[in-house]
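A.B. asks: Now for the letters of each chain:
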Amino acid sequence: MGAVGDTEGRKIDQATPGRWISLLSPVLPTIFTIILMVHMPDISAGKEFSFGVTWVEALGIDLRFYIDGLSFLFALLISGIGIFVTIYAAAYMRGDIDLRRFYFYLYLFMVGMLGLVLAGDLITLFVFWEITTISSYLLISYNNTSAIARRSALQALLVTTLGGLCLLVGLLLLASLAESFDLVQVLATGETVRASPLYLPILILILIGAFCKSAQLPFHFWLPNAMAAPTPVSAYLHSATMVKAGIYLLARMHPVLAHTEYWEWILTCTGAATAAVAALAALRQTDLKLALAYTTLIALGTLTMFLGSDASAAVAAAITFLIVHSFYKAALFMVVGIIDKQAGTRNLNKLGGLGHSMHITVIAASAAALSMAGFPPFLGFIGKELKYEGALAVASEPALVATVAVFVNAVTVTVAGMVAIKPFWKKKPRHISNVQEAPLGMWISPLILSGLGLTFGMAPDLVGGGLVEPALSAILGIPETIKLKLWHGINIPLLMSILTFVLGVTMYLGLRRMRAWLAWDFKHAPTNADQLWDKSLDLLKAFAALQTRILQNGIMRRYLTVIFVTVSLALAYALIRSGQFPMEYAWPRLNLKEWAALLLTVGGAYMAGSARKPLIAICALGALGVGIALIYLFLGAPDVAITQLLVETLYLVLVAAILPRLPVFNPGRKVLFRPRDATLGAVLGLLVTFSLLAVLQTPLESPTTEFFEKASVPEAHGRNIVNVILVDFRALDTFGEIIVVFTAAVAAVTLLGHQLRRGKQ
Amino acid sequence: MNSLILQTATRVLVALILLFSIYMLLRGHNYPGGGFIAGLIAASAFALFAIAWGMESAQSALKIPPSTLAASGVLIAAVSGMLGLFSGEAPFSGQWLQITGGKNTGGITISNVLIFDIGVYFAVLGAVLTLIFALEESN
Numbered sequence: 001m002g003a004v005g006d007t008e009g010r011k012i013d014q015a016t017p018g019r020w021i022s023l024l025s026p027v028l029p030t031i032f033t034i035i036l037m038v039h040m041p042d043i044s045a046g047k048e049f050s051f052g053v054t055w056v057e058a059l060g061i062d063l064r065f066y067i068d069g070l071s072f073l074f075a076l077l078i079s080g081i082g083i084f085v086t087i088y089a090a091a092y093m094r095g096d097i098d099l100r101r102f103y104f105y106l107y108l109f110m111v112g113m114l115g116l117v118l119a120g121d122l123i124t125l126f127v128f129w130e131i132t133t134i135s136s137y138l139l140i141s142y143n144n145t146s147a148i149a150r151r152s153a154l155q156a157l158l159v160t161t162l163g164g165l166c167l168l169v170g171l172l173l174l175a176s177l178a179e180s181f182d183l184v185q186v187l188a189t190g191e192t193v194r195a196s197p198l199y200l201p202i203l204i205l206i207l208i209g210a211f212c213k214s215a216q217l218p219f220h221f222w223l224p225n226a227m228a229a230p231t232p233v234s235a236y237l238h239s240a241t242m243v244k245a246g247i248y249l250l251a252r253m254h255p256v257l258a259h260t261e262y263w264e265w266i267l268t269c270t271g272a273a274t275a276a277v278a279a280l281a282a283l284r285q286t287d288l289k290l291a292l293a294y295t296t297l298i299a300l301g302t303l304t305m306f307l308g309s310d311a312s313a314a315v316a317a318a319i320t321f322l323i324v325h326s327f328y329k330a331a332l333f334m335v336v337g338i339i340d341k342q343a344g345t346r347n348l349n350k351l352g353g354l355g356h357s358m359h360i361t362v363i364a365a366s367a368a369a370l371s372m373a374g375f376p377p378f379l380g381f382i383g384k385e386l387k388y389e390g391a392l393a394v395a396s397e398p399a400l401v402a403t404v405a406v407f408v409n410a411v412t413v414t415v416a417g418m419v420a421i422k423p424f425w426k427k428k429p430r431h432i433s434n435v436q437e438a439p440l441g442m443w444i445s446p447l448i449l450s451g452l453g454l455t456f457g458m459a460p461d462l463v464g465g466g467l468v469e470p471a472l473s474a475i476l477g478i479p480e481t482i483k484l485k486l487w488h489g490i491n492i493p494l495l496m497s498i499l500t501f502v503l504g505v506t507m508y509l510g511l512r513r514m515r516a517w518l519a520w521d522f523k524h525a526p527t528n529a530d531q532l533w534d535k536s537l538d539l540l541k542a543f544a545a546l547q548t549r550i551l552q553n554g555i556m557r558r559y560l561t562v563i564f565v566t567v568s569l570a571l572a573y574a575l576i577r578s579g580q581f582p583m584e585y586a587w588p589r590l591n592l593k594e595w596a597a598l599l600l601t602v603g604g605a606y607m608a609g610s611a612r613k614p615l616i617a618i619c620a621l622g623a624l625g626v627g628i629a630l631i632y633l634f635l636g637a638p639d640v641a642i643t644q645l646l647v648e649t650l651y652l653v654l655v656a657a658i659l660p661r662l663p664v665f666n667p668g669r670k671v672l673f674r675p676r677d678a679t680l681g682a683v684l685g686l687l688v689t690f691s692l693l694a695v696l697q698t699p700l701e702s703p704t705t706e707f708f709e710k711a712s713v714p715e716a717h718g719r720n721i722v723n724v725i726l727v728d729f730r731a732l733d734t735f736g737e738i739i740v741v742f743t744a745a746v747a748a749v750t751l752l753g754h755q756l757r758r759g760k761q
Numbered sequence: 001m002n003s004l005i006l007q008t009a010t011r012v013l014v015a016l017i018l019l020f021s022i023y024m025l026l027r028g029h030n031y032p033g034g035g036f037i038a039g040l041i042a043a044s045a046f047a048l049f050a051i052a053w054g055m056e057s058a059q060s061a062l063k064i065p066p067s068t069l070a071a072s073g074v075l076i077a078a079v080s081g082m083l084g085l086f087s088g089e090a091p092f093s094g095q096w097l098q099i100t101g102g103k104n105t106g107g108i109t110i111s112n113v114l115i116f117d118i119g120v121y122f123a124v125l126g127a128v129l130t131l132i133f134a135l136e137e138s139n
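So the sequence lines, in the order shown, correspond to chains A and B. FYI, the numbering for the first sequence is 1 to 761, going by UniProt numbering. FYI, the numbering for the second sequence is 1 to 139, going by UniProt numbering.
The hints are simulated quantities; they were obtained by calculation from the structure and are not laboratory data. These numbers come from a predicted model, not from an experiment. A portion of the hints provided could be inaccurate.
[As the list claims (entries may be wrong)] Listed next, with one range per pair, are the computed distances between beta-carbon atoms:
{"id": "1", "chain 1": "B", "residue 1": "N30", "chain 2": "A", "residue 2": "T704", "range": "53 to 59 Å"}
{"id": "2", "chain 1": "B", "residue 1": "L75", "chain 2": "A", "residue 2": "M40", "range": "54 to 60 Å"}
{"id": "3", "chain 1": "B", "residue 1": "S72", "chain 2": "A", "residue 2": "A147", "range": "44 to 50 Å"}
Every residue, glycine too, gets a C-beta built ideally from N, C-alpha and C.
Model the full assembly from the supplied sequences, consistent with the hints where possible.
C.D. replies: See the structure below:
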């Protein structure tokens with residue numbers, strides 16, 4: 001998966017238009033954060049807010065927003081981290097040629113995420129979910145001159161859209177069970193939903209949606225590739241937003257879908273597997289950004305694993321870890337961005353000695369890395385202790401969860417060392433010289449973020465009561481209290497922590513040897529998910545090309561054959577299903593003129609089919625048309641009859657104009673396809689006839705005819721019902737039709753003109 | 001086609017057919033007819049003209065390009081449909097204006113429905129002629 005380049009190019013050093021946007025950009029998230037903070041006491045007191053407007057009244061869909069502990073926590077993280085990301089981006093993206101576009105995407109993304117977590121209606125939720133999908137596609141492909149960026153973006157888009165479609169179906173099924181799209185009502189119907197036979201399909205569909213978005217196995221491969229996005233975006237995507245959307249969904253759906261064995265096992269196993277695989281991959285990385293990306297995968301796996309449990313301790317661990325992760329991951333991504341910018345590379349093997357010149361960055365990096373590694377007194381330590389406590393509380397498989405937790409945390413310790421120690425304190429390689437400290441705009445955000453990790457670690461009550469507790473209550477559906485503490489005394493979690501540190505430090509020291517071993521292991525692995533993805537895409541394209549060659553090869557006769565065969569099969573199926581065979585039908589008594597019209601029609605058809613020259617065939621077709629027009633006339637539809645006659649006439653004129661341009665019929669060849677075409681035509685004709693007869697046998701009880709008969713004169717002042725319908729009752733339809741006629745003419749002229757130009761060349 | 005009989009007959013016929021098409025257009029609301037049929041009839045008149053006198057003459061007899069005719073037909077229909085909005089009704093709802101005439105007449109009714117039908121007439125006429133002219137030209 002080393003598809004990501006060393007550095008990000010496309011920067012020019014000059015003042016660019018739209019520079020003021022980057023200065024103003026932190027304003028909006030700041031305002032939003034302040035608004036949220038003002039309401040924090042209400043949320044901690046267990047209040048909920050719901051507001052919105054009617055959207056699609058007939059379907060009961062609202063544009064509704066709902067704030068409880070869970071959505072509040074996410075909204076605060078998104079807008080809060082958003083402030084720091086925009087400040088950082090202002091410095092990082094300085095001089096980029098396309099700032100306006102960048103901020104537009106970033107804001108779109110921010111709004112999408114906020115809407116998603118605050119949505120109080122399933123459809124609202126889905127709409128915002130897709131906004132985040134599209135805006136993250138735009139963000140990842142921001143550097144659109146790079147083929148790698150475009151590929152990564154498309155991959156992320158396809159995978160998350162696939163999940164999105166599943167999610168939509170799942171949500172619709174869920175809404176049909178709950179008989180409402182309103183989130184509050186849906187959350188209250190957990191019992192009904194779990195008892196329903198639809199529970200398992202709903203669960204699987206929604207889980208696919210969440211897993212695709214949050215990059216769980218087997219949909220994990222897009223996330224490391226998404227590193228092609230500019231670093232501020234990566235920091236945002238990984239810390240607070242995009243990839244956490246799936247986690248949010250899992251937490252949100254907890255009251256409805258959890259508390260079953262399916263939920264427990266699927267989430268626990270998927271999460272554990274994702275975390276373990278990501279941990280192995282993280283150790284192999286030499287690109288710092290990629291290493292961090294894999295630790296995001298570890299975090300997502302861990303979160304999923306813990307959300308699988310009903311145990312209060314496990315869920316509390318998930319929430320706390322979510323907060324911890326947001327702080328340190330944003331800070332570390334920003335630090336890597338700084339290193340990338342200042343040293344010109346983020347390859348671990350090419351870096352070293354930066355600590356001597358970048359004093360502030362090194363502080364931010366160390367603080368964030370210590371929180372990530374889970375050292376006291378950082379918030380990360382509390383998070384890790386809670387994780388172990390939670391792991392032991394998982395009812396289904398405590399041993400598995402605990403083992404995975406210890407292993408992935410040890411890897412996290414190792415990666416923390418890779419990011420915060422190696423680039424700064426390793427011996428300076430020769431080619432790196434005179435690396436300057438980054439400007440204030442770049443280091444201020446990671447410094448504050450890592451500082452927050454320390455502050456909250458020392459005073460855990462700041463996040464415990466206000467954020468974790470309400471979110472915990474919202475997820476579990478019952479009021480819960482939790483006390484976050486730095487020191488729990490000597491207990492099993494502490495022992496596990498010590499084991500983690502020992503393991504992590506050992507791996508860090510033996511990194512080189514372990515990498516060699518892992519490289520060997522992966523070299524012998526048959527393939528990986530990313531390559532599988534490419535192969536499946538290739539397969540899809542090959543299939544598309546194949547069916548295009550067969551079905552859309554530009555030969556008119558083939559098209560007609562395909563269409564007729566399809567229609568015949570569909571009609572035959574419908575006839576057999578309807579059970580109308582054998583149908584009773586009396587031959588009608590026809591008078592002489594009706595027999596004449598019939599003869600004209602049938603004779604015309606036969607002549608058209610057996611004619612040796614195109615002109616004769618066309619004239620025969622004309623006779624057929626006239627016969628049909630006569631039948632219309634006899635049966636009392638003069639309007640239709642006139643139209644039919646006129647169309648036949650003009651059709652003849654048109655064909656006469658085309659005829660000289662048609663290729664000459666080859667009498668030798670036509671022998672081959674004629675019997676086949678005749679059979680097909682006869683079959684289709686008979687099937688249509690039978691269908692019509694079957695339709696006519698069922699009595700028509702349509703109130704519309706009566707309505708038009710009655711309303712025609714008093715309401716539309718016309719006695720010709722056909723015309724009244726066309727120009728008055730259904731005038732909008734007619735208007736659409738004349739637009740179609742017009743468009744067809746313009747399209748035909750365009751095509752002919754094209755052919756003309758080609759002919760002249 | 002260079003046929004004296006056809007050319008001579010066409011002069012009379014085209015005028016008659018066009019007149020007939022207008023008749024069909026105007027009577028459509030109460031008897032068989034209407035904008036669509038009338039448009040087709042008028043188109044066949046021009047097709048006949050084109051066959052007898054050639055494409056160039058037919059085009060110059062039409063005065064304006066057929067695609068413009070079709071587009072203005074669509075526009076007329078759209079505008080007539082919007083008239084309903086002025087009286088606060090839905091678009092494309094019929095508006096009727098009664099003009100009382102002399103003693104023994106019931107007066108005339110004018111409606112946007114008729115204007116709509118005229119739009120259909122021009123749209124169909126223009127579209128069909130666009131096709132025919134384009135095909136003839138490409139020969």
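A.B. asks: So, for every hint listed, does it hold in this structure?
C.D. replies: Hints, verified against the model:
1. B:N30 with A:T704: 53 to 59 Å: Violated: the Cβ-Cβ distance is about 21 Å, outside 53 to 59 Å.
2. B:L75 with A:M40: 54 to 60 Å: holds (59 Å)
3. B:S72 with A:A147: 44 to 50 Å: Given about 48 Å between the Cβ atoms, the range holds.
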